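For the sequence shown, UniProt numbering assigns the number 1 to the initial residue and increments by one for each residue that follows.
It should be emphasised that the hints constitute simulated quantities derived from the structure, not laboratory data. Since this is a predicted model, take the numbers as computed values, not measurements. Ideal Cβ placement from N, Cα and C applies to all residues, glycine included. Worth double-checking, as some hints may not be accurate.
[To be verified] Pair by pair, the computed Cβ-Cβ distance ranges are:
no. : residue 1 : residue 2 : range
1   : Lys-591   : Lys-730   : 32 to 38 Å
2   : Thr-558   : Lys-730   : 44 to 50 Å
3   : Lys-675   : Glu-609   : 28 to 34 Å
4   : Met-1     : Leu-731   : 51 to 57 Å
5   : Thr-80    : Asp-184   : 57 to 63 Å
6   : Glu-727   : Asn-362   : 55 to 61 Å
7   : Glu-378   : Ser-79    : 53 to 59 Å
8   : Thr-80    : Asp-723   : 47 to 53 Å
9   : Lys-591   : Leu-731   : 35 to 41 Å
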Amino acid sequence: MIKKIDRIQNFGSYQDYSWNCNKDFSNFNLIFGWNYSGKTTLSRIFRSFEKHELPEHYESGSFKITCRDGTEYTQKSLSTPLSIRVFNEDFVEENFRWNEDASAEPFFVLGEENIELLKELNEKKAGCEELKKKIKETQDNIDSQTSTLEETYTNKARDIKQNLNIPDYDKTKLKKVVGEIRDDKQSHVLDEKSLSSTLYTYHYTDKRDEIPELSLKVPDLQSLFYEIREIASEIIDTQPIQKLVEDTKLNEWVREGVNLHKNDDSVCKFCGQSLPPETLKRYLEHFSDNYNSFLSKVREYKERVSQLSENLDLVKIPEKIFFYQNISDTDFTELSSLSLLKQEYKNYLNYLIKIADEKINNIFTRLPVREIEFDQFEFETHISIVNQLIAKNNERTQHFETEIEKSKEILLKHYAGEFIKDSNLKQVDLETSTLGLSLETMENQRETLKKEITELSVQFEEGKIGAEKINQYLETYFGKGDIVIRSEGDTGGFLLYRGKQKAYNLSSGEKTSIAFAYFLAKLREKNTIFDNSIVYIDDPISSLDSRHLFNTYSLIKTIFHGEPGKPCKCKQLFLSTHNYEFLCLSLQWFKDIPDRKTSIAYYLVKKSERESGNESVIKDMPKTLTKKNAEYGYLFEELYRYYKDPSEEPEHSDCLPNLMRRFLESYCSFKYRSKLGDGVKKLITDKQKRERVMKYVNYYSHPTDYVHTIGMADLSEGKDVIDIIFEAMKLNDLEHYTALENEVRSNQPPSQ
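Modelling step: build the complete structure from the supplied sequences, incorporating the hints.
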């Protein structure tokens, strides 16, 4: 028996788990956890030991289990003497294959081994038929190609004569070219694009002028940006006159006036009055050497960038009409893209000039400069590509006549290679003995396949589990006669009947149910020792088949419930579920087992918040669930602990909205005999608070949109919503709230 799972690391939702449960695994092990908590991932660890390999996408995971005898096994020692059988969604996927051919009978195959056998069987049958066709085709080719070869030569030569406009071309000249290339025909056959281009070169007689290469030098725009950003943010060291700082035009007017009075400062040249020395001094301190030097620096930058902009305008990107017409759409896109990038570069230069102008007019102000998002490398790359196109185009012009003659030779060899390929020339030239040997070889291969098909058919029939045993379990699950399977000899699979009618489609629940019945039947195979097997059943009840809850529970109990002294018929049973009703039934079953304290263990799988994110952990099942068999009390206890201490992580913190929703549904059901919406209206009378609660529980607990419950539900918002719910209960149902509160306190361990 397996004692415990010591550790799980980097295995799905289990990132760094270590065993810390109070009780080790027992004969019966009941595991409860909501959807996405990590139950199926846990079952995959057990199935790794059954399959002796790790599941796909889990290759980097690691784990260790310890058995009762002290033996330890890890992901590196999956081949163990343990007899483990696991039913989970992977088992269903691997062991149930529905025939997808709508034209055939609606049959299906059960069993991973049988599915592979049937696949191999069908492949060999298809191969046998394919050989039969090839034998006939080969013989027909031998009979027909010799008599038609000369006619084929004539027809091909006529086509070449017309396509290339060569008046004297005939089959004699074609045969000469065929003889030159027949041993290497494939290298001369052009693809569609190359053929079109070569034909264009051959037929095109309009010689184009050469296009000048783009001599476009583009300084690094980012460097220019850094330069203007530094200039725009710089404030010169001077003694500014505030009035001039605030009035740009006045500042410029006074600056020009100061320059006029540097050598003649006694009389104002504007008004003719005497000019006080202290006034001129103040102006000179305002328009200091630093001022003039900085102004020159800005103007120099503006002139430099303006010159770049003017130079850019002088460069003209050639239009498509100047190229030969076989320029591709991709090449044309390069021309268009370069024009756009050039304009974008030009726009940024204009923006830098604009900033320089603004700085000249606002020299005492720090100016903001927006970031430039321009791919300099892409611009330069497009320039290089377009220059390559120009060079290629010019080369065509420089060797125009030579290219036409060269294209003619290429086309003649292409058509000759095409002829060799289309006419099966080599096959016609084969000696009769060689052809006969080829036919004989194919016949022998076909006979070998026939024998293998017979052997595989016998092996497939021997490996099938009888429909009678599976139907016994299906009758328990669905009810007498509702779903029946019958062996189908022609296909090697099973036919499905609903009542007396053939079923042409399977629901997800039916598919899972049949696979589960097959799983149970396999437990009784002659190569499986049931008494010595460790059986793991993961979520036998889904939200799609809960109507068969009691039938499933009864079926499992009948198969696995033992006698006093050996409570479990198999060696060890693991039963995991997210279905609360199924949990209750299982708890009741285990409650009736006399030696349950030593034979049964209860666990909870949940997500726990850690620094790396939400991770799955295995914990002891809360007493609220095991003792009182009451989900309602368990939900209240989880919410109450978080209500009292928000710093304490609640169970399933990633599903906090789901906890609230399920608690409110239960409360409204028994308190008001109402559904959630109507019940909350009665409990929470304040419309704003009620809307806040409903929005939180509806949006974040949507059952088909799990992403809303992971990482997005704000726990601080959750605390406020819990406050609203519990305060409303205190106001409207204090006695009931107090009773729940007292029950939670009684379950808490005494303080030390």
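Do the hints match the structure? See the list:
no., hint, in the structure
1, Lys-591 / Lys-730: 32 to 38 Å, "35 Å, holds"
2, Thr-558 / Lys-730: 44 to 50 Å, "48 Å, holds"
3, Lys-675 / Glu-609: 28 to 34 Å, "32 Å, holds"
4, Met-1 / Leu-731: 51 to 57 Å, "53 Å, holds"
5, Thr-80 / Asp-184: 57 to 63 Å, "59 Å, holds"
6, Glu-727 / Asn-362: 55 to 61 Å, "59 Å, holds"
7, Glu-378 / Ser-79: 53 to 59 Å, "56 Å, holds"
8, Thr-80 / Asp-723: 47 to 53 Å, "52 Å, holds"
9, Lys-591 / Leu-731: 35 to 41 Å, "38 Å, holds"
The structure meets every hint from the earlier list without exception.
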